[in-house]
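Chains as they are written, first to last, in my numbering: chain A, 398 to 685; chain B, 11 to 346; chain C, 2 to 434.
Keep in mind the hints are simulated off the structure, nothing from the lab.
We put the beta carbon where it would ideally sit given N, CA and C, even for glycine.
All clues stand as given, with none of them false.
To give an idea of the interface, some chain B residues facing chain C are shown, with a C-beta separation under 8 Å as derived from the structure:
no.	residue
1	D173
2	D269
3	F270
Only pairs whose alpha carbons sit at most 35 Å apart, straight line, appear in this in silico DSBU-like list of lysine-lysine:
no.	chain 1	residue 1	chain 2	residue 2
4	B	K184	C	K167
5	B	K184	C	K143
6	A	K555	A	K670
7	C	K413	C	K331
8	C	K333	C	K428
9	C	K333	C	K144
10	C	K144	C	K88
11	C	K385	C	K167
12	C	K331	C	K88
13	B	K184	C	K117
14	C	K333	C	K118
15	C	K389	C	K167
16	A	K630	C	K248
17	A	K630	B	K219
18	C	K190	C	K301
19	C	K385	C	K428
20	B	K184	C	K118
21	A	K555	A	K630
22	C	K333	C	K84
23	B	K219	A	K670
24	B	K184	C	K389
25	C	K75	C	K331
26	B	K184	C	K88
27	C	K84	C	K117
28	B	K184	C	K169
29	C	K389	C	K223
30	C	K385	C	K169
31	C	K328	C	K413
32	C	K84	C	K144
33	A	K630	A	K670
34	C	K75	C	K169
35	C	K144	B	K184
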Amino acid sequence: MELVIYGIINSVSLILMSIGFALAYGVSRVPNFAHGALFILTGYITWIFLYQAGLPYALAVILSLIIIALIGAALYQLILIRVRGMPISEIIASFGVGLAILELLRWAGLRGMTYMLPPFMKESLNIAGVPVSYHRVIIVGAAMIMLFFLWYFTHYTKPGLALRAIAQNERAALVLGIDSDRAATVAVSLGAVLAGLAGVLLLPLGNIVVEMGYEVLVFAIAVSVCGGLGSWKGAVVASFLIGFAQIITVTYLASHYHFVVALLIIIIVLITKPSGLYGRQKELEERV
Amino acid sequence: MMQELRKERLDRGIKVRADSIYAISSLKEIMFLMGPGLILVFGLLVLPAVVSPYWQRVLCIAGVYVLLSISFGFLANYVGLVCLGGALFVGVGGYLSGILNAYFGLSPLLAIPLATVAGAFICTLLLLPCLPLRGVYFAIISFVYPLLAGRLIAATGVFGGTDGIAELDVLTNKWVNIYLIFILILVVVFGISRLVNYEDLGLVFRGVKDNEQAITASGLNITFYKAQAVFIGAALGCFGGAYLSHLYGWAGMSLFAIDFSILPVAATVVGGSGILYGPLLGAFLLIPISEALRAFGTLRIVFYAIVLVFFVVFWTEGVLEYVRRKYEQFEHWVRV
Amino acid sequence: MKKRFWWVVVSVVVIGSLMASLFLAGGCAPKTQQGTQSVKAEPIVIGSALSTGFLYGWDAEKAIKLAVDEINAKGGVNVGGEKRPFKVEVMDTRDLEPGVPVSDALLAVEKLILEKKADFFIGGPVRSEAALAAMDLMSRHKKVAIFTTGFLTPKFQELVAENYEKYKYSFRISGSSSNMVGEMLAVFKALTDEHGFNKVAIMVQDVAHARAGGDIMATQLKNRGWEVTGPMIYPTGTLDYSDGLFKARDSGAQVLFIWMDMPESVILLKDYRDMQLPALPIGFICAAEQPGFWEATAGKGEYAVAHLVNAGNAPCEATPITMDFVKAYKAKYNIEPEGYGTSSSYQAVYTLADAIERAGSIDPDAVIAALEQTDMVGVYGRVKFDEKHQVIPSLDPAEGVVPQLIQWLAGKRETVFPPSIATTQLKLPPWME
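Generate coordinates for the entire structure from the input sequences, incorporating the hints supplied.
Below you can see the structure in the form of structure tokens.
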């Protein structure tokens, strides 16, 4: 029972961390390696609003999500747009921006223990004899709602459909009058909001530290590679695969293998099916 | 009224002439052709002699990164393998040389070449199963290997575990230290550019990158050729690692540090991709910049990141392309 | 064209305001301050290569600067009749960051030696591997170094013992992990004697020193009749420790031994509190060392016990001068000493000054001889080096340097061990009664 509940929570955390990255890559083919930095930045902005400006928590969260959306859009419009279509350059440019953000935060004083966000609710409850803090329940709930909206957005709204159109066939989409750059801006900005949302949800569990920015990026990449680069449904499945695999190895094997299992899954998936669990058939692209 | 102008670039006369049969008609033309190479040779030979002892050490480290960058550039530009295994090469080479020296008592002058060859062989074997993979998939796997190797050493405690292997012999003469790697860089850079430009093997390598079907149709085994290329690339990295461990008399887990995988990419970006001299120049620029910024403490990484983004986004051609353009062409404004 | 213009305007405004808030809110950006030096004589340069982005780096930097300013305010060091001031040169090594090769840290050391002309070294490198490699450089350049932080491996004593002539330049004034384990075991013995505890669950971070420490603790405790669960090993950056906590609960552990220096261990302690796990959390917990811990856990970290390695890293009365140091530190930096590496770095400067004055010169061999004769009352006990150049530990401040274990009680760090300096009894959480 503990296994199931905490397996789900662990997997949902992974989904939250990786979905923004997977989405941005999936619809606009922009690998946003500043993902982890945006995650931490949102937490930090929320902290400023909350404690320096004294705003209510909900307002602080919403405001910081709006700001992070703008930053995401600016990141695309000012930087990434110029290196569009050159994967290595995109990776280096976005990683460089992320690095600059994180290290600037560290230099400006974001180190040590003082920066933390309060959990939304302090109490904990019992589910079938397993104590779970309300905050974790909220995380799972919020993730579910987010996934539903994401699904609705990409299937039933115009901008969402435009994003999918671009991802499926860029030329046809262009012919139909869909602006590729605008769609990509929306996608990166949406990815940034999702990273920020994950930050606001997950950071209250611990505190805001620069190191987490790098770790979140690693998790996001691991999950996306495993699920198939660019498929956000694949990312969801892969999150559950890795999340449960980790919990199961810790419970039945030993926690030594926590990290090794994650690495092994990646290597096995890559060697047998390089485009990931949900990657489209691209045999020719991925190997000789 | 505003006048619309645009910049026009024209090849210099000497370049046009030197491209053709008149290349050796005069000393001036010969010097034009050989100038860049001579500058490189003399630059590398003179530079270590004129800087302060501390910068000599910096140059030694820079030399290791230069070798890694050349290895990365060679594999990426001429064979089409984006290989982030720099850390793997350095680690395997460094540890092998350390083991040979500390456990078997070989002198560094023997241990280093042995570790280079054996290490390259081991790395090639390790990467063999994933050679059929392409592009980003190969990059990810080659990136994961050094992470795994580091963890294995920490977990099993072999080769001194986390403390590393101490008290290796060092090359005491600083001139030997620095010229060993600088002369090797020259040999490698000219050797590889000869290989890829004038030898049959180089032609096959380029074919592997550009047109695999042609290679297969010629009855050649692609994986075999890729393995050969990886062997060359790995040998460079392994030498760097072996050299590094004898520079400080130390072999430890941090030889598998991911900086060794990442920096060559950055060097290629800054220096300019396409030809081997780009990564070389990039590494020679980046390491000293990083050292010069050390005084800024943690802010150093911020500057570093900004420089990188600037090059990737706004100066895509890289330093070398820019210099080459200035060397070979002249520009002037013309009215549209 | 117009659109691009608006993008630029909007992002400049957003980024500009963010930067502004960064500097207003952060406010504690490192300032390079040079103490006003009235002394004319040529300064003695202390090099310190530290990973300044991390606790074990920046607290050492602060402590060294404090000690140097104090000494210079008194006119400097008396070198054979001439008063000479100290001057500190700090270099960032980044050696605590994963993925940074040791050669980078060693270059920082070489820069200090060759460019900044450092005469002595105090501080790091912090990571053991880098520090061991740096010992080689110290002997090659004949620089006396006193290591004060992070560097815990017993390999240090082995090297000095094996090859004294080569490694005689290095001294270590902070703990060795073998001693720290011994001190920990003493605490466990006290727990058995007082409360009859005999079951422990061990949770460690997946880094070399913590894993090795966890294994040693496990075998030692088993030998002493404890029932041991674990060690459970968590990768750096783990966000969820529930499985280990459940295992601890199911095994009926009364003590939770933790060895982690990642900030995420705060999550572990918060969850521990939420679950009301009937076990006492104790160990080497970097997060729980710092004064900000109480706020970071919103008080949920109460009852956590942390080993601070050397006394004086939190207020206590180990020797008459301990509180002087704590107060001076607080006056200068407006925060109490933050954790491991603070008092030892401060003490190292005074120990060096003392040795130089007795040697009457800054010649390495003379200073080494003087350091070996050192016997002074320091911030955390009596400072004496053994023949392996390791400072002699003890549980009595009159005999040697003492450790300090603190427990978080009602928002304060209370000293609970060793008994000679304890201010209060170790308390169990109310849900364990």
